[in-house]
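**Q** Could you build all of it, start to finish, from the sequences and the hints given here?
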Amino acid sequence: MMAADSALLLGLVEEFVLGQQDRKAVDTATELKAGQFTILQLVEALGLHLTSSQPQTRGRGVQLLSNVLQECYGDLTEREVKVLIVFYENRLKDHYVITPHVIQGLKALTKCSVLPPGSAVSILKSLFQDIHVQSLMLAERSCVYNILIQLMESRESELKGLGADFVFGFVQSVDGERDPRNLLLAFHIARKIVHEGYDLGKFTEELFEVTSCYFPIDFSPPANDPHGITQEELVLALRVVLTGTPRFAEFLLPLIIEKLDSDVQSAKLDSLQTLTACASVYEHKDLAQFLPGLWASLRREVFQTASERVESAGLAAVGTLTACLSRSVLNSDSEDSLNVFLELVLKDCQHHLCEPDLKLVWPSAKLLQATSTASYRASHRVAAAVLPSLIEQYNSRTQCAQRRTLLEVLQGFVHPVTSSEEDESVLLDFRQSLCSIVFSALSESNADLQITSMRLLTALGQQTGLLLESDVELAVDHLTRLILEEGDPKVSLAVVECAGALARLHPAAFISKMVPRLKEEIFSEPMAQGDSATPSREHSQQAVRQRCVAALAAVSSRPSLVQESTPVLLQVLTSAHTGTGAFSLEEVISVCHSLQKIAEQAQDTEETGGVFHDVIPRLLGLALQAALQGSSGHCSPILEETVLSAMVPIISTTCARLQSRLAGQTASLAVSLFLDGDVSFLPENAFPTQIQLLKVRFQCWSQSQMVCLLMGCVCWLPRTVEVPQMDRLLLELEELSCTCDHPLSYTSAAKCYAGLVNKSPAGEVLDSLIDRTLKRISTELDSASSPVRTQAFTLLLWVSKALLLRYHPLSTALTDKLFSLLSDPELGWLAADGFSLLMSDSPDVLNRGSHADVRIMYRQRFFTENSAKLVEGFNAAVQEKKSGYLKALSHIVNNLPRQVQLTELPALLPLLLEALSCPDQGVQVSTLSCLQPVLLDPPSALITQLEVLVGRTLALTTSPTMKVRIASLRCIHALSRFPEHEIMPFRARVLRALAAPLDDHKRVVRSEAAVARNEWFLLGSPGGR
Amino acid sequence: MSGGARLENANPLIFQRTGERLQTANDEDEDVADPIDDREIFDLIRSINDPEHPLSLEELNVVEQVRVRVDDQENAVGVEFTPAIPHCSMATLIGLSIKVKLLRSLPERFKIDVHITPGTHASEDAVNKQLADKERVAAALENSQLLEVVNQCLISNARTG
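As you go down the protein sequences, you meet chains A and B in turn. If you count the first sequence from 1, you need to add 296 to reach this note's numbering. If you count the second sequence from 1, you need to add 3 to reach this note's numbering.
Simulated from the structure, these hints should not be mistaken for lab results. Hints should not be assumed to be uniformly reliable.
Here are some, though not all, of the chain B residues that point toward chain A, as calculated from beta-carbon distances under 10 Å [unchecked claim]:
1) E33
2) P38
3) C156
4) S159
Just so it is clear, CB atoms sit at the ideal spot from N, CA and C, and this is done for glycine as well.
**A** See below:
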């Protein structure tokens, strides 16, 4: 070493050790890394200090060396490491003030990749021998655990060579640890010991004791905890250790039985979950001797608990236990512990099934069902014991409530058991009795019995072999009868569900029996002709037809059924159009809904696509016939806006799912119909040749409104499908939307235009198109006398949305225009409401279902870019215009994701509170509904404004508008969950104020008030919150 | 509930719960006044928790809609409740819970009468007398231990814990 370097080194050492300058450690490390001196030279330079008679000085010396090692352990040679380890091991025997630094140094050394063989063992031996870990400070204890973890990772085989001594050393080190951070480390080490095959030797019980003493974990982190350790984390870390090896079974299971008796619910839950976890790794012999004790505790928990979480954890444990016992391979001399366990369960539960009125029938049934779902063997045993008596009871009891309970219990036992394919259903022996119970219950007049039996029927139908063909046919007859005869909405719903499920599996019976019968009913003549038809009878016949129509949709999931049901529904539309059948408007609409439902649920196959593809020309043809017929003679219901709007989703759902060949075909047919009047593809072609659907002519809305069907078609096609004649189509749509005076026509044209623009490829063509449209819109909007300002605004709104969704750079120009309209005397309110449309999902166009280009974060982005403009506009506006801005703001904020709402709230709060006192009721409702979810998890900004918030919200509980009253009461309710000390001062005032809405003239308001007021009463009251 | 505790009546009869009241078009019409009716009162009390079981008073058939009478014009509400067993020691507590729930939920104009269904409890008269005595009810609610139990019966969703 050069003299100069030597002086430098000595200087650094002096300054650190005697000068107490901590940063010199960093300098020393830097110089060492730069090669100015070696680590051994540093040790030499430290020499005098390391042998000083003062422990503090020796400590300081070791500290410098350890600090440097932490920086440079990667550069050391094996020889250097060897020397340093010997040095450090020796220093462990030194004065206690030095120990922390020694441990730091050792920790750095264990990270060396060149750690010589044997040194891991020697380091650990020294540590275990010379150090009493629990007398160290928190940081040093953590250091020791980290040394263990480090060595277990890098020197696993050497450590295993230590045998059980390693485990013993660990047990001694960790015994008494109390800090949660260190416990996580300790549990981590214990987990590795248990899971990675370390020899526990005779210390199994010690290792279990030293970890299980924390079970069940009861830890509540201090407020403002910077370490972020949760109870959950500790619980899971400990559970992995305790359940890691069957060798713990003899200790763990008694402990679980003991802790299940605890009064603390979290302890119960933890015990049950730990039991579930260990039963999935144990074998039957580990469990056998504890089964009676475990069962007694589990039964008690499920029978008596007040908590659904405890109950379901208990049932899960019973299931896993049964599964574990079922896995066992039996020796000739051992008894079958599965049978032992099932006998226990049956003995305690079976007799409760004979008391269907009493409370314990349910927990008993659940326990038995939990065991029988666990394995094939268990399900066999339980079914054989339980089903005969349930079936016998059902047949002998007469009270509906009892029979219904029995049916529900039976249904719980009909579940698919996870087992190999060749095992036949355990229920096969009971097939006939179960079927006859179902059919007898279906013939009862009691609605509850009917509903429950249909659930049981559905469950039976899901299992192979339980319903014979003749049973299915009988079931279909029953279901058909219920559709025709039962008016109870709950029964109808159950019929539709059951029929839907069975039709998927057994379509043939539905095709041959149900569809023809329903068709016949739908087209049957009114029961009484002429004047004698009372309104109520007519009403009931309509209700029957509605149920038939809904059922047709429900069963149409298979192509073969779709092929049968769709023509029936289309025939209804045709005859409603021609006026041959007496179908009301509502019926026509519900037929449309049914067709839409079929389109939605039809399995996406070429076959169904083909079947349903024909529906589009049929619908277009009908609509066109109606439109051409105009208002002359019989007025076709197909002309009605409500019917047309119900037809749109049938077309759009179908188009969105078409395979590309059919999709392309459909697109070109639709476009040629609307642009060129090409009617050649329509069925029953008897149309004139001169049709121009998109042209605006006086009083010809019946044709122009058909543009909504065009929208349903071309805007929903997959993006890969090219729409022909795009430029011309867009031109005509723009023209229609800007000139027509029929709202449905111009709005649909604007939507259709927007839907197409959203999917158009980016580039100059699109940009110039938008420029052109924006100019036209601006011209109309800027001329106060223009008769089509509303039309121009509508187009602006939809095109803005189309561009905003896809992050198009020109969208800002359009939305700025919308902002400027907020102060428009004529369109201001419309513009404010437009922001709701801009920010929410539209069902009929520009959504993900229609394959539109929608960026996920568009709302946040729009908000971030524009909230300042809105606030400025609000501040600058004259008083009577301010509410428009508030309305726009509340619409925008209302549609933001909650997380964004919470972060933005502090900035917006003054404005939102302002909005609460805005006289417009729409603004009030919108603001309240935006505040309410935020109140459930209040940010601190709100707490500082409580006075104003409570005051203004209470004032709205007596608003003349019902919606405002309801929304404000919900907010008051949410406020009751705020931290108690913050809201207690308001308690008396709120209780007084809520007395008034308790006497509201609307029931809905009263019930909201009662709920809120009761919550506020519980606040700060004993036993309350 | 503590694991060791034993119940007075561990396996009681249970009854079906009524569904939510169906909303009608009138309910949403601002201009139609909805009178306070029996069902509305029943809806207020049917979800009260039994002090012993994790069940509602409705499930134990302690309260029934047919035993609720309201006269909106005359400002009167009457509720009869039926203890599950004739010697039920919880009868007063249950009556008190019903009374408190109604006091908190109904407009002040109502006179609220809560009593035991005639002939269903051993000390019917004594309990009825206590429940009818305004001052004794008020005094009971001053007792924080009693108030605690009443409040627990009135907490909603006590079952999800």
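**Q** Look at each hint and say if it fits the structure.
**A** Cross-check of the supplied hints:
1. E33: holds (5 Å)
2. P38: Since the shortest Cβ distance to chain A is 9 Å, the answer is holds.
3. C156: Holds: closest Cβ of chain A sits about 9 Å from C156 of chain B, inside 10 Å.
4. S159: Because about 8 Å separates S159 of chain B from the closest Cβ in chain A, which is inside the 10 Å limit, the hint holds.
When held up to the earlier numbered hints, the structure conflicts with none and fits them all.
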